[in-house]
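For reference, the chains in residue letters:
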Amino acid sequence: MRISNRSRPNASIIITEGKERVRNRSGRKICRDQIDIQYKHRVIPAFFFRAPTHRQVDLMRVLAGIAHADRRVKRRPSVCWGRDIEIEIPVSDPDFWSSVERKLIGILNILSGDKWLLSFRKARQLIQFPVQRELEFPAQGQPAMAYSNGLDSFASARLVASGVIPLGNQAPQRRNLVLITTGKAFNAQLKQEITDFGYSTRQVSVPFSIRRIGRGFELREPSYRTRALTFQTVAALAASQSQSDIVIIPESGQGSIGPWLTVTGQEAADLRTHPIFTALLSDWLATVLDRPVRFEHPHIWETKGETLARLVSNNIHCGWAETFSCAVQARHQRIKRRRLQCGLCPNCLLRRQSLLAARLSDPDSTYDSHDIYAKDQLLLRKRTAQGLLPLVEFAQIGSTPLISRATDHRIQYFARLVREDTNRRFPHNVRLELDDLERMTNKLAKTHKEELGTFLAQRPKTSLLRQMGEALL
Amino acid sequence: MRDGIPRGLPVPRKYQRVIESADRAADRGTERVTLRLCEALQEDLRKNFHEAERKRLTALAAEPSELFSPLAHGGAFDDVADPTLSDAMKKVLAAARSHYEDQLSPKEAVERALSEHAEECLAARRRQIRENLATKIETTEVNKVMSEYGRAASEADLRGEISKLLKDSSAPSEAKRIKITPDEDLRGRRR
Numbered sequence: 001m002r003i004s005n006r007s008r009p010n011a012s013i014i015i016t017e018g019k020e021r022v023r024n025r026s027g028r029k030i031c032r033d034q035i036d037i038q039y040k041h042r043v044i045p046a047f048f049f050r051a052p053t054h055r056q057v058d059l060m061r062v063l064a065g066i067a068h069a070d071r072r073v074k075r076r077p078s079v080c081w082g083r084d085i086e087i088e089i090p091v092s093d094p095d096f097w098s099s100v101e102r103k104l105i106g107i108l109n110i111l112s113g114d115k116w117l118l119s120f121r122k123a124r125q126l127i128q129f130p131v132q133r134e135l136e137f138p139a140q141g142q143p144a145m146a147y148s149n150g151l152d153s154f155a156s157a158r159l160v161a162s163g164v165i166p167l168g169n170q171a172p173q174r175r176n177l178v179l180i181t182t183g184k185a186f187n188a189q190l191k192q193e194i195t196d197f198g199y200s201t202r203q204v205s206v207p208f209s210i211r212r213i214g215r216g217f218e219l220r221e222p223s224y225r226t227r228a229l230t231f232q233t234v235a236a237l238a239a240s241q242s243q244s245d246i247v248i249i250p251e252s253g254q255g256s257i258g259p260w261l262t263v264t265g266q267e268a269a270d271l272r273t274h275p276i277f278t279a280l281l282s283d284w285l286a287t288v289l290d291r292p293v294r295f296e297h298p299h300i301w302e303t304k305g306e307t308l309a310r311l312v313s314n315n316i317h318c319g320w321a322e323t324f325s326c327a328v329q330a331r332h333q334r335i336k337r338r339r340l341q342c343g344l345c346p347n348c349l350l351r352r353q354s355l356l357a358a359r360l361s362d363p364d365s366t367y368d369s370h371d372i373y374a375k376d377q378l379l380l381r382k383r384t385a386q387g388l389l390p391l392v393e394f395a396q397i398g399s400t401p402l403i404s405r406a407t408d409h410r411i412q413y414f415a416r417l418v419r420e421d422t423n424r425r426f427p428h429n430v431r432l433e434l435d436d437l438e439r440m441t442n443k444l445a446k447t448h449k450e451e452l453g454t455f456l457a458q459r460p461k462t463s464l465l466r467q468m469g470e471a472l473l
Numbered sequence: 001m002r003d004g005i006p007r008g009l010p011v012p013r014k015y016q017r018v019i020e021s022a023d024r025a026a027d028r029g030t031e032r033v034t035l036r037l038c039e040a041l042q043e044d045l046r047k048n049f050h051e052a053e054r055k056r057l058t059a060l061a062a063e064p065s066e067l068f069s070p071l072a073h074g075g076a077f078d079d080v081a082d083p084t085l086s087d088a089m090k091k092v093l094a095a096a097r098s099h100y101e102d103q104l105s106p107k108e109a110v111e112r113a114l115s116e117h118a119e120e121c122l123a124a125r126r127r128q129i130r131e132n133l134a135t136k137i138e139t140t141e142v143n144k145v146m147s148e149y150g151r152a153a154s155e156a157d158l159r160g161e162i163s164k165l166l167k168d169s170s171a172p173s174e175a176k177r178i179k180i181t182p183d184e185d186l187r188g189r190r191r
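Sequence lines, in order, name chains L and C.
All residue numbers for the first sequence refer to the working numbering, where the first residue is 1 and numbers rise by one.
All residue numbers for the second sequence refer to the working numbering, where the first residue is 1 and numbers rise by one.
Calculated from the structure, these hints are not laboratory results.
Being a predicted model, the structure only gives us computed values, none of them experimental.
Check the hints yourself; a few may be wrong.
Claimed, not checked - Just so you have them, the derived chain C footprint on chain L, three or more residues with Cβ under 8 Å:
no. : stretch
1   : 96–107
2   : 259–271
3   : 393–403
4   : 410–417
5   : 466–472
As the list claims (entries may be wrong) - Straight-line alpha carbon distances no greater than 30 Å define the calculated DSSO-like cross-link-like pairs of lysine-lysine that follow:
no. : chain 1 : residue 1 : chain 2 : residue 2
6   : C       : K47       : L       : K103
7   : L       : K19       : L       : K74
8   : C       : K164      : C       : K107
9   : L       : K336      : C       : K136
10  : C       : K144      : L       : K461
Cβ atoms here follow ideal geometry from the backbone N, Cα and C, with glycine treated the same way.
With the hints as extra help, turn the sequences into a complete structure.
Here is the structure:
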């Protein structure tokens, strides 16, 4: 059957084991386990101090399968945001996974804005991992954090590990951390560092990878919202293996609350680092990992600039310049020298605004200078507007009666969820009454607006960034 | 945890017509912009609530239902992970329960919750249109269109649109494909 370009995208994907031959229903797509989804055998020991249980291996398969499907099925935003995705995954204990599938589907639906359907069948063979050597890292109760090497995760890891900020209701104390990273540098082996500040960090990567191009497919969907599920679940796995219940979400308020409040067009609300998502995930993981998991959002009511200023005031900011915030791939870079950040995407603009707020020197030469766009004014305008608008929109959540009311409705909904959370899945600094939630959100947006205004005013008068920003703000 | 180059989402045709109208000097300040905005909103609402959900909301508004009883459901936190409900439906149900608890009748509670959802739709479309225009035209022009959009949104009879949505709950969710008639050029403008 030919699928029209005007219909909602849908796909059915089956994960096959090894050379298993399956009766393929019409149009069903195949994803080969251990080929299209690969497990990093040299990274696994960093997660599991003893042989991983079958359930943990199943969890990796489930996450990898979801990540594969999310990137494989292209959205059709001219028709609608959502997709219908059906996926069949082999697991060692289908009964258990069927019992937790309802909550997982709920999380996936709310996270990606799609409609997911999961089914589980009995795996024919169990994945064999190399025999574990000696116990390298005894469990020390280390909290874990998804570490993107951006400014937020850098600052949060330093502040939490140095004991500058407390986690939950506990008194501030120094902590060793497990950082979950991506990138080839940490794929081959785990890396442990004793820092100059008296704590250690252990960097491990996600223990599986998914092939971008395979037999009859290319993973091209860029939205990939379920990456939040992958990273936070893997962080929870690392924390639980270390006998800790805590996963730290390093995102600032601009990244956690901002995208959720400023939904654009037909897209689904972005909840990737929002407490609504982490509260639901915590609920689900408690069953899957068989131990409580608590997601802490220590910076949710701070701007990135305020977090960085705290880092500077405690004199633990050295090395910040090595962080990388840019969302744009290297192939789009105009200046062909060393790898630069673009300076115009929302991530880069927020970085620049925040570094200025924290009074850290951030010369324009750090960025893929937009002077070179001089010949292409249309492209410059487009990139500037697309980078600036998300920041402007969050600064203006109370600017017009319509926007202000829409913001209030969202906060009221959030307050109701918090109030009805009888299991206390939301972190303590979010368990607030409606008035306090409104006050904190407005304060955050106000500080963000001031920081953005200062950043724009500091640009030359001829700068399109300044002209456009000041006219819109 | 990064997204790549930001990509604008395409503005639906009905909202393009709102922009055209808001940009046209002859239409500015007239009811025409508001009417087009209401048309576009109605399409959004129909897409957000499919037929079964609209019927359910209509039934809920018609008489006090067990759904409003705090004992009959696990609360908004349980609903939020319910895979059978759409995201829009979850929010509307939570808001309707709040209004019902604040002593509104079921009909008023559902209608007010839907009006609030309509406002969120209009705000999301405003952001999209603003971003889309800012990539193409001068910022002063963008602001003119947006202030006209704001006026039309404030004058729109949201309750009327909600009544229309609930009254006509068996109408199809998806708008029919627009046919270009000889009276319209390819931009959808009447000759």
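Verification of the supplied hints:
1. 96–107: n = 5 at 8 Å, threshold three: holds.
2. 259–271: holds (count 8)
3. 393–403: Answer holds; 5 residues pass the 8 Å Cβ test.
4. 410–417: holds (count 5)
5. 466–472: holds (count 4)
6. C:K47 to L:K103: Roughly 25 Å between the alpha carbons, so the hint for K47 of chain C and K103 of chain L holds.
7. L:K19 to L:K74: 27 Å, holds
8. C:K164 to C:K107: Since the Cα atoms of K164 of chain C and K107 of chain C sit roughly 14 Å apart, the hinted pair holds (cutoff 30 Å).
9. L:K336 to C:K136: 28 Å, holds
10. C:K144 to L:K461: 23 Å, holds
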